[in-house]
Amino acid sequence: MSPNSGQTGPHHAADGHHEIEMPHASMRDYVIGFLLSVILTAIPFWLVMTMPLSAGTTGAVIMGFAVVQIIVHMVFFLHMTPKAEGGWSLTSLVFTIIVVVIMLAGSLWVMHHLNTNMMPMPHEPTSQTTSQVL
Amino acid sequence: MTANAITADEPVAFYDLDEHAHPEGHSTMLGFWIYLMSDCLIFAILFACYAVLGGSYAAGPAPKDLFDLKLIALNTAMLLFSSITYGFAVLQMQQGRVKGVQLWLGVTGLFGLAFLGIELYEFHHLIEIGAGPQRSAFLSSFFTLVGTHGLHVTFGIIWLVTLMVQLSKHGLIAANKRRVMCLSMFWHFLDVVWIGVFTFVYLMGVLR
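Heads up: the protein sequence lines correspond to chains A and B, in order.
Quick note on numbering: my numbering labels position 108 of the first sequence as 108, and the sequence is numbered without any gaps.
Counting the second sequence from 1 gives a position; my numbering is that position plus 134.
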């Protein structure tokens, strides 16, 4: 290492105790995250097990709850902040989400068209014909 | 580029040849996060497969006939408990208590094992009643998606045991702290994937 490359500032790598920057976790974060997760998990299970709403509405609502719970986990458990790792964590996350959305939406779109344009099958398998298997 | 051309005598330096101070492991956390993002792509592909094939029962059983939501709720609870107990391990680490870290890592591992046990019981039951992965495209994609998640949890537990051995040998050195934080990300990430699994596969499957 050349002598002029040393960083000026409170942190010197030479002292051997250079602490790596780690996200600071607190009990409060974990407890809030846990309680929110319990609520956001219990409600979708309750909605599907007792079915107080129509199937379509329930589906939309539980998908919404899943998205919120994923954000809760990211913030309170994974300590995701816009500033973490100089912003690179969030950048890579946003990139991944874009790729995932394109891939999921694209696959479903293409395969839906493929299914719609298929020749009709002689018999359409339904879930009603399955009871004798069990 | 005017800032580089200070004087005409000095050669213009296009490359920064001086080594900077890189503390060991300073980029491990970001690197591990990017690994998790690539893992996220694997799961996204498996979710896409399930979304496409999940309705192809081949005149076989449908999700409504197979899934026991009470069991899945129990499984979800196991993983959620393991998430907060891992959080307690991280908090103990911040206070420098190696015994506390070991204790909570052990509890996390037990919850992880309980999750795996319940999942294996479910898989065993499905295969026993003739709803194995070879029965229909729906079941193939179901076993691949949920099985890949279960495999991740298995490797997470192996890592966890390894980490407990490393902690007992070397204590809370910087490298071990880094490892605890990496496994923390891995473990919470698996819980995030499980949110997708129980919502999209199990709950939506029963609604279908």
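Please note that the accuracy of each hint is not assured.
Pair ranges (Cβ atoms, derived) [claimed, not checked]:
(1) V99(A) / H258(B): 49 to 55 Å
(2) I43(A) / F148(B): 54 to 60 Å
(3) N117(A) / L247(B): 17 to 23 Å
(4) E153(B) / G87(A): 35 to 41 Å
(5) I176(B) / M111(A): 15 to 21 Å
(6) P267(B) / N117(A): 56 to 62 Å
(7) T91(A) / E262(B): 46 to 52 Å
(8) M119(A) / E262(B): 16 to 22 Å
(9) K204(B) / M119(A): 37 to 43 Å
(10) L164(B) / M119(A): 46 to 52 Å
(11) S172(B) / N117(A): 48 to 54 Å
(12) H259(B) / G87(A): 27 to 33 Å
Capping the alpha-carbon separation at 25 Å, the derived lysine to any residue pairs in SDA-like fashion look like this [to be verified]:
(13) K204(B) / K83(A)
(14) K204(B) / I39(A)
(15) K311(B) / A84(A)
(16) K83(A) / Y169(B)
(17) K198(B) / G64(A)
(18) K311(B) / M22(A)
(19) K233(B) / A84(A)
(20) K83(A) / P157(B)
(21) K83(A) / G159(B)
(22) K83(A) / K233(B)
(23) K83(A) / K198(B)
(24) K311(B) / S26(A)
Calculated directly from the structure, the hints in this document are not laboratory data.
Bear in mind the structure is a predicted one, so any value in this text is a computation, not a measurement.
No residue lacks a Cβ here, since even glycine has one placed at the ideal position from N, Cα and C.
Quick rundown of the hints versus the structure:
{"no.": "1", "hint": "V99(A) / H258(B): 49 to 55 Å", "verdict": "violated (35 Å)"}
{"no.": "2", "hint": "I43(A) / F148(B): 54 to 60 Å", "verdict": "holds (58 Å)"}
{"no.": "3", "hint": "N117(A) / L247(B): 17 to 23 Å", "verdict": "violated (48 Å)"}
{"no.": "4", "hint": "E153(B) / G87(A): 35 to 41 Å", "verdict": "violated (25 Å)"}
{"no.": "5", "hint": "I176(B) / M111(A): 15 to 21 Å", "verdict": "holds (19 Å)"}
{"no.": "6", "hint": "P267(B) / N117(A): 56 to 62 Å", "verdict": "violated (28 Å)"}
{"no.": "7", "hint": "T91(A) / E262(B): 46 to 52 Å", "verdict": "holds (47 Å)"}
{"no.": "8", "hint": "M119(A) / E262(B): 16 to 22 Å", "verdict": "violated (36 Å)"}
{"no.": "9", "hint": "K204(B) / M119(A): 37 to 43 Å", "verdict": "holds (41 Å)"}
{"no.": "10", "hint": "L164(B) / M119(A): 46 to 52 Å", "verdict": "holds (51 Å)"}
{"no.": "11", "hint": "S172(B) / N117(A): 48 to 54 Å", "verdict": "violated (34 Å)"}
{"no.": "12", "hint": "H259(B) / G87(A): 27 to 33 Å", "verdict": "violated (47 Å)"}
{"no.": "13", "hint": "K204(B) / K83(A)", "verdict": "violated (40 Å)"}
{"no.": "14", "hint": "K204(B) / I39(A)", "verdict": "holds (16 Å)"}
{"no.": "15", "hint": "K311(B) / A84(A)", "verdict": "holds (18 Å)"}
{"no.": "16", "hint": "K83(A) / Y169(B)", "verdict": "holds (19 Å)"}
{"no.": "17", "hint": "K198(B) / G64(A)", "verdict": "holds (22 Å)"}
{"no.": "18", "hint": "K311(B) / M22(A)", "verdict": "holds (9 Å)"}
{"no.": "19", "hint": "K233(B) / A84(A)", "verdict": "violated (29 Å)"}
{"no.": "20", "hint": "K83(A) / P157(B)", "verdict": "holds (20 Å)"}
{"no.": "21", "hint": "K83(A) / G159(B)", "verdict": "holds (19 Å)"}
{"no.": "22", "hint": "K83(A) / K233(B)", "verdict": "violated (32 Å)"}
{"no.": "23", "hint": "K83(A) / K198(B)", "verdict": "violated (44 Å)"}
{"no.": "24", "hint": "K311(B) / S26(A)", "verdict": "holds (16 Å)"}
Against the hints set out earlier in the document, violations occur for numbers 1, 3, 4, 6, 8, 11, 12, 13, 19, 22 and 23.
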